[in-house]
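Model the placement of chain B on the given structure of chain A, informed by the hints.
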Amino acid sequence: MEREAIELSVSDFVGLFNQTLDMAYPSVTIVGELANLRISRNKWIYFDLKDEAASVKFFGSVYQLPGPLEEGLLIKVRGQPRLHNLYGFSINVQSMQPTGEGSIKKAADLLKQQLDKEGLFDASRKRSLPYPPQRIGLITSKQSAAYADFIKIINSRWSGLTIELIDVQVQGEAAPQQIITAINQFNSDTRPPDVLVLIRGGGSAEDLMAFSTEEVTRAVATSRVPTLVAIGHEIDVCLSELAADQRASTPSNAAELLVPDKLSLLNQLESLSLDLTNITNSYMRAAHQNIIDLSKSIRDNFESRLKAAQNHLMASSAIVAAYNPESILKRGYAIVRASDGNVVHSAKEVEKGNLVNIKLHKGALVATVDKINSN
Amino acid sequence: MSKSARTYTEIKNELDQVVSALQKEDLDVEEALTLYEQGQQLIKELENYLQQAENKVIELKAKFAK
Chain A
16 MEREAIELSV SDFVGLFNQT LDMAYPSVTI VGELANLRIS RNKWIYFDLK DEAASVKFFG
76 SVYQLPGPLE EGLLIKVRGQ PRLHNLYGFS INVQSMQPTG EGSIKKAADL LKQQLDKEGL
136 FDASRKRSLP YPPQRIGLIT SKQSAAYADF IKIINSRWSG LTIELIDVQV QGEAAPQQII
196 TAINQFNSDT RPPDVLVLIR GGGSAEDLMA FSTEEVTRAV ATSRVPTLVA IGHEIDVCLS
256 ELAADQRAST PSNAAELLVP DKLSLLNQLE SLSLDLTNIT NSYMRAAHQN IIDLSKSIRD
316 NFESRLKAAQ NHLMASSAIV AAYNPESILK RGYAIVRASD GNVVHSAKEV EKGNLVNIKL
376 HKGALVATVD KINSN
Chain B
867 MSKSARTYTE IKNELDQVVS ALQKEDLDVE EALTLYEQGQ QLIKELENYL QQAENKVIEL
927 KAKFAK
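These protein sequence lines map, in sequence, to chains A and B. So the first sequence is numbered by the numbering used here: it starts at 16 and just counts up by one. So the second sequence is numbered by the numbering used here: it starts at 867 and just counts up by one.
With the rest of the complex left out, here is chain A:
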């Protein structure tokens, strides 16, 4: 017997249908090509995902957009199927992200252009990292090889560091939100670390995608604490790397950029210690030499003064000697004195027949004046 069809009102049907959907598909993940993306009142988004045979409508908010998107991108959406009492069937978006190598790259390029225009990647925004840092805020997955490599190299290169780790998922849907929470947690610290380091090992485009989402890229760009980001291998460049103050090619390279190598520093200290000794020795020698020079110059000074004094003495004694009558007589002069003993200076002082006394260099003469010529 055919069961009697239950008659439902339209709304009852919608209610019942949605209940069935909730039980059957509390949440469903669908992958398809993006089409007819529409943003209304800068708040709501409507789009379709389609493949060659079918197309389904989606409804969500602009905050769920992983960044600017483009027709034809392959998108993976998790959402709740819903029959709207007026607008028919659609899926309410819970999260959405590009999927597949091509679309991920394409979406990242679109986002890059947009953020580039905003100046998020400008070199002028880049701050230099403290070198060496004292406290590092590390955001990565504790179980990852990247973390192990980073710590190994940091320990081999430097000492006395405090590394504060926040263990996050580095891929998958929950990753972006956890990374942002970690960045904000460090930034809101009353005494934030000197540098924030985000690292992740290699992986597929999908694995690395969290570090190219708009929200993570903006969080890195607007971090008060200077940032260093090293995601994947050398060739992988994620948007958060471009937005960071410093990019490293790999987690190990990140460690090398962050801290000096203590071995080379220890050598430098050794040679500095030698330099110090040399400088000081040269001082000592210079000081010593200085003393020698000083004493020498004093001696020289003294001697020259002495000599000057001697010369002076000789000169004056020579002068004295010059006035010494003896030396005059020696040169053939004679001193004539009148009988009264006075020295005769002029012929007028004597008359013919006077007696005069003539003192010579050797001996003396007594003579009478027999002729005067008074020219």
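All clues given are correct.
BS3-like mimics (lysine-lysine), calculated; alpha carbons at most 25 angstroms apart, straight line:
(1) B:910 with B:878
(2) B:927 with A:167
(3) A:120 with A:65
(4) B:922 with B:878
(5) A:157 with B:929
(6) A:374 with A:363
(7) A:167 with B:922
(8) A:91 with A:72
(9) A:58 with A:127
(10) B:927 with A:157
(11) A:363 with A:386
(12) A:377 with A:345
(13) A:58 with A:121
(14) A:157 with B:922
(15) B:878 with B:890
No lab work stands behind these hints, which were simulated from the structure alone.
Coordinates of chain B only, in the frame set by chain A:
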């Protein structure tokens, strides 16, 4: 890291000052000697820091349920 323990950078800055002071021309012998000893002592302090100070890793409680 206790407050009193000086950071590498603090010790290094002081050493840089000592070295530049030592390179000044008009330094008298007395000053040169004290600066010399100071410099060597700071170098020792840096060497100890590099050889002994441990790196510490502290895991912070994240504000999200992992």
